[in-house]
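Below, each chain spelled out in residue letters.
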Amino acid sequence: MNVLSIEGLTVDFNTAEGKIRAVDDVSFVVPENRTVALVGESGSGKTVISQTIMGLLPEAASITSGKVVLADASGAEPPVDIATLSRKGATMRHLRGNRVAIIFQEPMTSLSPLHTIGDQISEAAILHRNVSRPEARELTKEMLRLVHFPDPKRALDTYPFELSGGLRQRAMIAMAMICRPSLLIADEPTTALDVTIQAEILKLIREVQGELRMSVLMITHDFGVVANMADEIAVIYHGRIMEKGTAEQLFSNPQHEYLKALLNAVPSFQMDKDERLVPIRPIVIKSGDLTKNRPHCKVEPGTPLVEMRDVTKKFTLRKGSFLGGKVKTMTALDGINLTIRRGECLGLVGESGSGKTTAAKAILRALDLQGGKVLYNRGNGLEDIASLKGADLMDYRRRVQLIFQDPFSSLNPRMTINDTLTEPLEVHGIGTSQERAERARNLMTLVGLDPRFLRRYPHSFSGGQRQRIGIARALALNPEFILCDEPTSALDVSVQAQILNLLQDLKRDLNLTYLFVSHNLAVVDYIADRIAVMCRGRLVEVGETREVVGNPLHPYTKALLSAVPEPDLSAPLDFTALDANRASEPELWPEPFRLSDGMEPSLVEMEPEHFVCAPGLKKTGALEGTAA
Amino acid sequence: MLYYIFRRILMMVPTLLVISFLTFLIVELPAGDYISNQIAALKSAGESSSVAKLEFLRHEFSLDRPFFERYLIWVGLWPGPHGLDGLIQGNWGWSFEFDKPVEEVVGPTLPLTIVLNFATILFVYVVSFPIGIFSATRQYSWGDYGFTFLGYFGLATPNFLLALILLYLFNRWFGLSVGGLMDPQYIDQPWSPEKAMSVLAHLIVPTIVIGTSGTAAMIRRLRANLLDELHKQYVTTGRAKGLKERNLLVKYPLRMAINPFIADIGNLIPSMVSGSVIVSVVMSLPTVGPVLVSALQSQDQFLSGFILLFVAILTLVGMLISDLLLAVLDPRIRLGGRAGT
Chain A
1 MNVLSIEGLT VDFNTAEGKI RAVDDVSFVV PENRTVALVG ESGSGKTVIS QTIMGLLPEA
61 ASITSGKVVL ADASGAEPPV DIATLSRKGA TMRHLRGNRV AIIFQEPMTS LSPLHTIGDQ
121 ISEAAILHRN VSRPEARELT KEMLRLVHFP DPKRALDTYP FELSGGLRQR AMIAMAMICR
181 PSLLIADEPT TALDVTIQAE ILKLIREVQG ELRMSVLMIT HDFGVVANMA DEIAVIYHGR
241 IMEKGTAEQL FSNPQHEYLK ALLNAVPSFQ MDKDERLVPI RPIVIKSGDL TKNRPHCKVE
301 PGTPLVEMRD VTKKFTLRKG SFLGGKVKTM TALDGINLTI RRGECLGLVG ESGSGKTTAA
361 KAILRALDLQ GGKVLYNRGN GLEDIASLKG ADLMDYRRRV QLIFQDPFSS LNPRMTINDT
421 LTEPLEVHGI GTSQERAERA RNLMTLVGLD PRFLRRYPHS FSGGQRQRIG IARALALNPE
481 FILCDEPTSA LDVSVQAQIL NLLQDLKRDL NLTYLFVSHN LAVVDYIADR IAVMCRGRLV
541 EVGETREVVG NPLHPYTKAL LSAVPEPDLS APLDFTALDA NRASEPELWP EPFRLSDGME
601 PSLVEMEPEH FVCAPGLKKT GALEGTAA
Chain B
1001 MLYYIFRRIL MMVPTLLVIS FLTFLIVELP AGDYISNQIA ALKSAGESSS VAKLEFLRHE
1061 FSLDRPFFER YLIWVGLWPG PHGLDGLIQG NWGWSFEFDK PVEEVVGPTL PLTIVLNFAT
1121 ILFVYVVSFP IGIFSATRQY SWGDYGFTFL GYFGLATPNF LLALILLYLF NRWFGLSVGG
1181 LMDPQYIDQP WSPEKAMSVL AHLIVPTIVI GTSGTAAMIR RLRANLLDEL HKQYVTTGRA
1241 KGLKERNLLV KYPLRMAINP FIADIGNLIP SMVSGSVIVS VVMSLPTVGP VLVSALQSQD
1301 QFLSGFILLF VAILTLVGML ISDLLLAVLD PRIRLGGRAG T
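Residue numbers (our numbering), protein chains in the order written: chain A, 1 to 628; chain B, 1001 to 1341.
A couple of the hints might just be wrong.
Said to hold, decoys possible - Pair ranges (Cβ atoms, derived):
no., chain 1, residue 1, chain 2, residue 2, range
1, B, 1122, A, 429, 57 to 63 Å
2, A, 161, B, 1037, 55 to 61 Å
3, B, 1224, A, 67, 39 to 45 Å
4, A, 59, B, 1194, 53 to 59 Å
5, A, 427, B, 1021, 51 to 57 Å
6, B, 1313, A, 157, 52 to 58 Å
7, A, 133, B, 1018, 56 to 62 Å
8, B, 1313, A, 431, 55 to 61 Å
9, A, 284, B, 1143, 16 to 22 Å
10, A, 275, B, 1263, 43 to 49 Å
Said to hold, decoys possible - Only pairs whose alpha carbons sit at most 25 Å apart, straight line, appear in this in silico DSS-like list of lysine-lysine:
no., chain 1, residue 1, chain 2, residue 2
11, A, 88, B, 1053
12, A, 507, A, 298
13, A, 19, A, 67
14, A, 298, A, 273
15, A, 373, A, 314
16, A, 273, A, 314
17, A, 314, A, 298
18, B, 1043, B, 1053
19, B, 1251, A, 141
20, A, 153, B, 1232
21, A, 361, A, 389
22, B, 1251, A, 88
23, A, 273, A, 260
24, B, 1232, A, 88
25, A, 273, A, 507
Claimed, not checked - Away from chain B, derived, C-beta distances all over 12 Å, residues of chain A:
no., residue
26, 107
27, 166
28, 237
29, 397
I should point out that these hints are in silico values taken from the structure, not numbers from a laboratory.
Quick caveat, the model's predicted, so the values are computed rather than measured.
Where is the CB? At the ideal position from N, CA and C, for every residue including glycine.
Please put together the full structure from these sequences, using the hints given.
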């Protein structure tokens, strides 16, 4: 039996420019107790479909034709066609949260910060299940237990800001589940989460689905998630279903060109070292103009360009006032020793809060360190960047540039692209205004954008195009070392492939050195020559990419790798193994990796060129203590 | 929570000290003082006989001492000619202009100032709250445009003009006497229900006049705040649960949007006092506003210093109230420390 059947659904948006068709003649079904994945890029109309089912379409949208029939698996209520219901009417309100529920992408903003978790979850029960407040509280506690909250009773009275992202998403799931809906819509439920948390949440959705015999409509752009969760798949592009079928059919034998292209754009551990991703819309770069008068970097390839020595950074969480109050500190970087060699791409991997962005900022000299130093080779040996002043510091700033994570907030919306690209040149007083304009045009060509776009403002560009503008800005000063702080995590897979290839080509043509910060191991595996893994402010493993990915030694690295969902049906996530390794707790790592507070996180070369943080080994002297 | 309140109140002490110092500094900034100006005037008029008396007064009020000493004597932390005798000891100083203790000059005006301020703030909140919500939830409707127009009109009209128009209208329609705090027959009469009613009736016009611009600003702010919140994800979450629109609005976005509303209580007070000066003059209201202006003009330093300090204290109390209310309403402030553990 089909819990949800969509037939010929067409949704139009009335905008100032006329009607825009967001969903065009879409038909698919979600069978009982099954998971259907709706896959597509941003702007493909997949969220509009979820809004239609929930009756949450914005005012400007109207359902032009088609049926959205929601049936009750238990047969207690007759099937209803949601497309015919008034969005704010009583019937729709009765369905929402009761028979169809939704979880959103952003667990940080989906919960009200002013109400307790218990209040927000029990609300749905009080609305639909005809229970008293104490009963609803009891039900909520049950639900929190079902989603594995550590202490359900206490959790009832906690506020969302007291919880981590993973726990918030669990609370969201509990809220969606409390009325035991027959259909759950999961709108990119794990995109904003770390891989290990993502694996746990996926496991949880599976468990709850089994428990409540519920159907799931999973909306995502991540083929790793699809391969691990979906029974059936529908691929959507520009509001139309391109291809649908079972997971086996689509993964083993994709028919449509679009799906084939999409699958080719996903980085995977199975790729060969020299294999390149095939973006859907590849860009050809023309670096000729820029390589001509590029200053030559005097540092020999393969020798250290940047060195971090015992770098320690502590943050004060709460300032004590002069009337007292405790000062709390958090160690964001704990004795980091890391070398970045000229011409390589070093991938820095870790979960959110592991200190990887802080490490990048330390190299930029964007923060003061509590201990240790960062050294940089400007062609005459390694210098401490903290001692740079005036012209030397400006010179350093020209050499080291940054590409930001969020292409939307990192461009000034009130500056044209031309202003954005020429600003670094003005700051450093380089060239005449004509030369700067020329340079801006070259930069645009370099990242595959039309120089005629220079007069536009950021809002007229897509996420991928903005990220290319961000890259062009980073290249404006002819730097030799670029820090990439999660440059693709806000982008679709197809655009991600495009940006990754662009970064690779630029590195080759301009002889750049990268520090590539990311939480996505598959991406780092694709682009990096060496990988450094961070956890809780400590460096836990450093080595050649193939070595670290193929033969991880540290328990944390192993856990990270095992949590990455592969876009491959033959390599499913091992959900049973997840519980065992709560691996981001240094105190719980097995010997010789165990780290307790105050211990020096020293690296040991366990295999050639493969360093692991294992204080136990260093102490016993079981291996040669040749730490980097 | 108790600890928070205690700490918050304790924090007011150094703040007050700093404010009192700045007040004194500003009041003393113009060259000379009330008495030296008098002496200069007398000397130029050729009357040197009363100079000796004024010299005595200068000494009596320690105006001949250095600046810091004068300040400390005024606050009451330094012995003056009569020992420790300053604000802390309850001596509010001497008004040269009125030749009376400051207490007697401002005493009768203080209660009315407080009552008028309180009534005005109440008016601002009672009027702007529903209108703000209406405007935000029906954005770009005729009602929204209408209130927006009225709001800008209120912001743009000079208060004293509004006061004159309203006085005329109220007099025409309701026969209220023009200006003053009460009908003339009650002045200097003992308090009676009729007198209280008369005072309340006379409060209506000044409250509306002084409150209009504040109300207009508040409506715009609440509308903007609420509009920001209405499209946040957690509102959609609430809607997805099947909540009715009205319950949804009150429980989630409105709770979030009133934070700046409450935080403004403290800020409103000084602007009301300074904004009401002309209105008070026009309507002959016995508030501290007009007294402050004349004291500043004649360099009657103890009087103006005291009034400025009084307004500062009102503001601090307003801030305290808004801080405590915020802590009650917003768990992020109340439990901010707990989140870190």
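What's the verdict on residue 1232/B and residue 88/A, does the C-alpha distance respect the 25 Å limit or exceed it?
holds (18 Å)
Please verify that the nearest CB of chain B lies beyond 12 Å from residue 107/A's CB.
Residue 107/A not clear of chain B: closest Cβ-Cβ about 10 Å, inside 12 Å.
Is 16 to 22 Å right for how far apart the beta carbons of residue 284/A and residue 1143/B are?
The hint (16 to 22 Å, Cβ to Cβ) is violated, given that residue 284/A and residue 1143/B are roughly 56 Å apart.
So is residue 237/A really clear of chain B, every C-beta pair being over 12 Å apart?
holds (25 Å)
Within 39 to 45 Å or not, the Cβ separation of residue 1224/B and residue 67/A?
This hint holds: roughly 40 Å between Cβ atoms.
Tell me if the straight-line CA distance from residue 273/A to residue 314/A falls inside 25 Å.
Not satisfied, since the Cα-Cα distance of roughly 38 Å exceeds 25 Å.
That 51 to 57 Å hint for residue 427/A and residue 1021/B (C-beta), does it hold up?
violated (42 Å)
Pair hint residue 298/A and residue 273/A, alpha-carbon separation not exceeding 25 Å
violated (28 Å)
For a C-alpha distance cap of 25 Å, please report whether residue 314/A and residue 298/A respect it.
It is violated: about 34 Å lies between the C-alpha atoms, which goes past 25 Å.
Satisfaction of the hinted span 57 to 63 Å by the C-beta atoms belonging to residue 1122/B and residue 429/A:
Given range 57 to 63 Å: holds, Cβ gap about 59 Å.
Residue 1251/B and residue 141/A: Cα distance at most 25 Å?
This hinted pair holds, its Cα atoms lying about 22 Å apart.
Using the Cβ atoms, figure out if residue 161/A sits within 55 to 61 Å of residue 1037/B.
holds (59 Å)
When the structure is compared with the earlier hints, violations turn up for hints 5, 6, 7, 9, 10, 11, 14, 16, 17, 20 and 26 and for no others.
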